[in-house]
Amino acid sequence: MFSLGFLLIGLFFLMSGTLGIWRLPDPLSRLHAGGLGDTLGLGFLLLALIINQQDIGLTVKLIFLGLMVIIINPVITHLVASLEYKNISGGKGGSS
Amino acid sequence: MFDVAVDLGVWLLLILTGAVLVRAFLGPALTDRLLAVNMITTKLVALFLLLALQEGNWVYLDVALVFVLAACVATVAIVKFFQEGSLL
Chain A
1 MFSLGFLLIG LFFLMSGTLG IWRLPDPLSR LHAGGLGDTL GLGFLLLALI
51 INQQDIGLTV KLIFLGLMVI IINPVITHLV ASLEYKNISG GKGGSS
Chain B
97 MFDVAVDLGV WLLLILTGAV LVRAFLGPAL TDRLLAVNMI TTKLVALFLL
147 LALQEGNWVY LDVALVFVLA ACVATVAIVK FFQEGSLL
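If you're matching them up, the sequences are chains A and B in order. Residues in the first sequence are numbered from 1 upward in steps of one, following our numbering. Residues in the second sequence are numbered from 97 upward in steps of one, following our numbering.
No lab work stands behind these hints, which were simulated from the structure alone. Keep in mind that the hints are not guaranteed to be accurate.
What the hints assert, rightly or not - Going by beta-carbon spacing under 10 Å, a handful of chain A positions derived as facing chain B:
hint, residue
1, Arg30
2, Leu46
3, Ala48
4, Asn73
5, Leu83
Unchecked claim - Under 10 Å between C-beta atoms, here's a sample of chain B residues computed to sit facing chain A:
hint, residue
6, Met97
7, Ile111
8, Leu157
Unchecked claim - Pair ranges (Cβ atoms, derived):
hint, chain 1, residue 1, chain 2, residue 2, range
9, B, Ser182, A, Ile56, 44 to 52 Å
10, B, Leu184, A, Pro74, 21 to 29 Å
11, A, Met68, B, Asn153, 15 to 23 Å
Keep in mind that this is a model prediction, so the values were computed, not measured. For glycine and all other residues, C-beta sits at the position ideal for the given N, C-alpha and C.
Could you build the full structure based on these sequences and the hints that come with them?
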């Protein structure tokens, strides 16, 4: 029952990220909506799968995948945001 | 109940991936396209996980792990190319 709830919450966050990338006005706010919504939605989906199955090896693998996504996805969002900031501010600024 | 939710989730994720793909095709700025490609990666990983749960075949999990790493390297390479002018 908990896994069903977490699955629905994860699908809701993935859907709201897609809605944000379609409806928000400027590129930086679209970046905010897309990056945060996707990371949180996939995290809840992985939590639902961890609760739903019993094998310990699969649990370790799912936790590893979750950690990898939680580290990689904000880093990529930060890199794309620094590229956008460099474009806005005319060639200077933006952390590497 | 949970199986019905997983089936509906697979269809919902396919529709969302199509919507983000259209956004990547006609996004006005460069960062919109980069973000849309990154979101397609995340949604496909979620789709792989739900397919693994639906078919009871957990080899999709290894596919998802490799897919996340490959897409990460690809996006970092594209950002580096557009920030510094070349890859090396």
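Hints, one by one, checked against the model:
{"no.": "1", "hint": "Arg30", "verdict": "holds (6 Å)"}
{"no.": "2", "hint": "Leu46", "verdict": "holds (7 Å)"}
{"no.": "3", "hint": "Ala48", "verdict": "holds (9 Å)"}
{"no.": "4", "hint": "Asn73", "verdict": "holds (7 Å)"}
{"no.": "5", "hint": "Leu83", "verdict": "holds (6 Å)"}
{"no.": "6", "hint": "Met97", "verdict": "holds (6 Å)"}
{"no.": "7", "hint": "Ile111", "verdict": "holds (9 Å)"}
{"no.": "8", "hint": "Leu157", "verdict": "holds (6 Å)"}
{"no.": "9", "hint": "B:Ser182 with A:Ile56: 44 to 52 Å", "verdict": "holds (46 Å)"}
{"no.": "10", "hint": "B:Leu184 with A:Pro74: 21 to 29 Å", "verdict": "holds (26 Å)"}
{"no.": "11", "hint": "A:Met68 with B:Asn153: 15 to 23 Å", "verdict": "holds (21 Å)"}
Violated hints are absent here; each numbered hint is respected by the structure.
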